[in-house]
Amino acid sequence: WVLAGDFAGGLAAAVSVLSISCPCALGLATPIAIMAGTGAASRRGILIRSAEALENAGRTGDVIFDKTGTLTAGRPELIRLQVLPGFDQQDVLSMAAAVEVLSEHPAAHAVVQAARRQSLTWSPATDFRAIPGIGAEGRVNGYSVRIERDAQASARILINGIPAALIDLQDTLRPDAAAAITTLKEMGIRVRMLSGDRPHAAAAIAEAAGIQRTDVTADATPEQKLSILRHSPPYTVLAGDGLNDAAALTAAPVGIAIACGTGAAIQAASVIVPGNRLLAIPDFLHIARETLTVIRQNLFLAFFYNGLAIPLAALGLLGQRGPLIAAIAMALSDLAVVGNALRLKRRLDARPIR
100 WVLAGDFAGG
110 LAAAVSVLSI
120 SCPCALGLAT
130 PIAIMAGTGA
140 ASRRGILIRS
150 AEALENAGRT
160 GDVIFDKTGT
170 LTAGRPELIR
180 LQVLPGFDQQ
190 DVLSMAAAVE
200 VLSEHPAAHA
210 VVQAARRQSL
220 TWSPATDFRA
230 IPGIGAEGRV
240 NGYSVRIERD
250 AQASARILIN
260 GIPAALIDLQ
270 DTLRPDAAAA
280 ITTLKEMGIR
290 VRMLSGDRPH
300 AAAAIAEAAG
310 IQRTDVTADA
320 TPEQKLSILR
330 HSPPYTVLAG
340 DGLNDAAALT
350 AAPVGIAIAC
360 GTGAAIQAAS
370 VIVPGNRLLA
380 IPDFLHIARE
390 TLTVIRQNLF
400 LAFFYNGLAI
410 PLAALGLLGQ
420 RGPLIAAIAM
430 ALSDLAVVGN
440 ALRLKRRLDA
450 RPIR
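Residue numbers (the numbering used here): 100 to 453.
Please note: incorrect hints may appear among the correct ones.
In silico lysine to any residue, SDA-like type, Cα no more than 20 Å apart, as pairs [said to hold, decoys possible]: (1) LYS444 / ARG148; (2) LYS284 / ALA103; (3) LYS284 / ARG255; (4) LYS284 / ALA307; (5) LYS444 / ARG388; (6) LYS284 / HIS385; (7) LYS284 / LEU127; (8) LYS444 / PRO130; (9) LYS444 / GLY144; (10) LYS284 / GLU322; (11) LYS284 / ARG453; (12) LYS284 / LEU146; (13) LYS284 / ARG376; (14) LYS444 / ARG143; (15) LYS444 / LEU146; (16) LYS444 / HIS385; (17) LYS444 / GLY160; (18) LYS284 / ARG450; (19) LYS444 / GLU151; (20) LYS444 / SER149; (21) LYS444 / LEU434; (22) LYS444 / LEU400; (23) LYS284 / LEU272; (24) LYS444 / GLY406; (25) LYS284 / ARG312; (26) LYS444 / LEU398; (27) LYS284 / GLY160; (28) LYS444 / LEU127; (29) LYS284 / GLU306; (30) LYS284 / ARG158; (31) LYS284 / THR313.
Simulated restraints, written as ranges between beta carbons of each label pair [claimed, not checked]: (32) THR320 / PHE403: 48 to 54 Å; (33) LEU398 / ALA103: 34 to 40 Å; (34) HIS330 / GLN189: 43 to 49 Å; (35) THR271 / PHE403: 19 to 25 Å; (36) PRO262 / ARG453: 31 to 37 Å; (37) PRO333 / ARG445: 27 to 33 Å; (38) THR281 / CYS123: 41 to 47 Å; (39) TYR334 / GLY144: 46 to 52 Å; (40) ARG446 / ALA426: 29 to 35 Å.
Honestly, the hints are just simulated from the structure, not real lab data. If you're wondering where the values come from, they're calculated on a predicted model, not measured in any experiment. C-beta: ideal position from N, C-alpha, C; glycine also.
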């Protein structure tokens with residue numbers, strides 16, 4: 100413009116370009132949408148620990164559920180205790196309870212409750228050790244007691260390395276589990292289930308929840324859960340609640356913990372949902388999708404404004420009042436982005452909580 104002999108026009112064009120290219124709207128586009136999404140989630144009792152988790156959840160097409168304590172109530176009951184020859188039922192159950200009372204696993208609570216219903220007492224266990232994906236062990240009155248997974252039952256009790264009893268446990272499906280699975284499928288999401296339980300127990304829960312048997316993996320150890328997750332599609336969501344899920348929840352693009360789960364799972368997860376509402380998971384994914392859509396809309400608005408207005412300003416088509424017009428347009432661009440985020444907030448708040 101100076102070479103063309105129009106210094107005033109060039110100065111106006113330069114100031115207009117600088118004003119228009121100020122990335123205010125671009126800088127607001129993502130954070131303000133994230134604020135609206137996380138705010139709407141928090142009002143539903145859903146805690147989102149990172150913006151990355153919210154964005155990843157908005158892209159997901161796969162959700163993997165742990166069974167015990169996530170799809171089920173996590174309060175299994177001991178329905179059968181088969182004591183093997185040479186052992187006393189009360190002695191075996193009391194020694195098992197002495198070890199299991201120190202464990203966080205839901206199956207351990209079932210053993211302890213069974214012992215308490217029989218008014219049994221026990222001496223404190225020493226040298227306790229939890230073995231993720233397998234069971235627990237300790238020493239009671241000088242005896243080595245180990246409770247571990249078994250091929251013929253839910254678990255078995257070994258005393259001094261000798262099988263002493265077989266245990267069968269039964270858990271119940273959460274009241275809203277089937278509705279949550281149905282909602283996720285309606286959203287076009289594939290639902291799978293992982294379980295450390297025996298295949299017949301896992302299949303029964305999957306059938307009641309509406310999950311296809313081909314999408315069920317039973318007898319899964321923590322290492323296997325981690326391996327399955329690593330070979331799953333990008334942005335896969337894992338929902339779990341137990342100590343056995345902690346490593347997988349940490350590695351997952353989005354790890355969802357149930358609020359009533361163990362402390363390890365809650366610390367490892369990037370999202371925490373209310374313990375009494377499994378439907379909060381599809382609720383969260385809906386919020387994530389809506390938020391991601393608004394982020395894309397905001398970025399489009401910011402780039403479209405700059406892409407259209409900068410050439411007009413550079414060519415001097417805005418005239419001597421270009422800087423004023425550019426300042427007004429910049430403010431309107433910011434308002435458009437903020438208004439779109441507020442629209443998201445109103446839309447999410449108007450959605451009923453299930």
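With a cut-off of 20 Å on the C-alpha distance, tell me whether LYS284 and THR313 pass. 15 Å, holds
When you check the alpha-carbon spacing of LYS284 and ARG312, does it fall within 20 Å? With a Cα-Cα distance of about 15 Å, the restraint between LYS284 and ARG312 holds, given a limit of 20 Å.
Looking only at beta-carbon atoms, does the pair TYR334, GLY144 fall within the given range of 46 to 52 Å? 23 Å, violated
For the pair supplied as a hint, LYS444 and GLY144, is the alpha-carbon distance within the 20 Å limit? Satisfied, since the Cα-Cα distance of roughly 16 Å is no more than 20 Å.
For a C-alpha distance cap of 20 Å, please report whether LYS284 and HIS385 respect it. 12 Å, holds
Outcome of range test on Cβ distance (PRO262, ARG453; 31 to 37 Å): 46 Å, violated
Assuming the hint says 48 to 54 Å, is it satisfied by the Cβ distance from THR320 to PHE403 or not? Given a distance of about 51 Å, which is inside 48 to 54 Å, the answer is holds.
Hinted pair, alpha-carbon criterion (20 Å max): LYS444, ARG388. Please report holds or violated. Answer holds: LYS444 to ARG388 is near 13 Å, not above 20 Å.
Does ARG148 lie within 20 Å of LYS444 when you go C-alpha to C-alpha? It holds: about 19 Å lies between the C-alpha atoms, which stays within 20 Å.
Holds or violated: LYS284 and GLY160, Cα atoms, limit 20 Å. With a Cα-Cα distance of about 10 Å, the restraint between LYS284 and GLY160 holds, given a limit of 20 Å.
Given the hint that LYS444 pairs with LEU398, test it: the Cα-Cα distance must not exceed 20 Å. 17 Å, holds
Could you grab the alpha-carbon distance between LYS444 and GLU151 and see if it respects the 20 Å cut-off? 19 Å, holds
Hint check: violations occur at hints 2, 3, 7, 10, 12, 17, 24, 35, 36 and 39; the rest are consistent with the structure.
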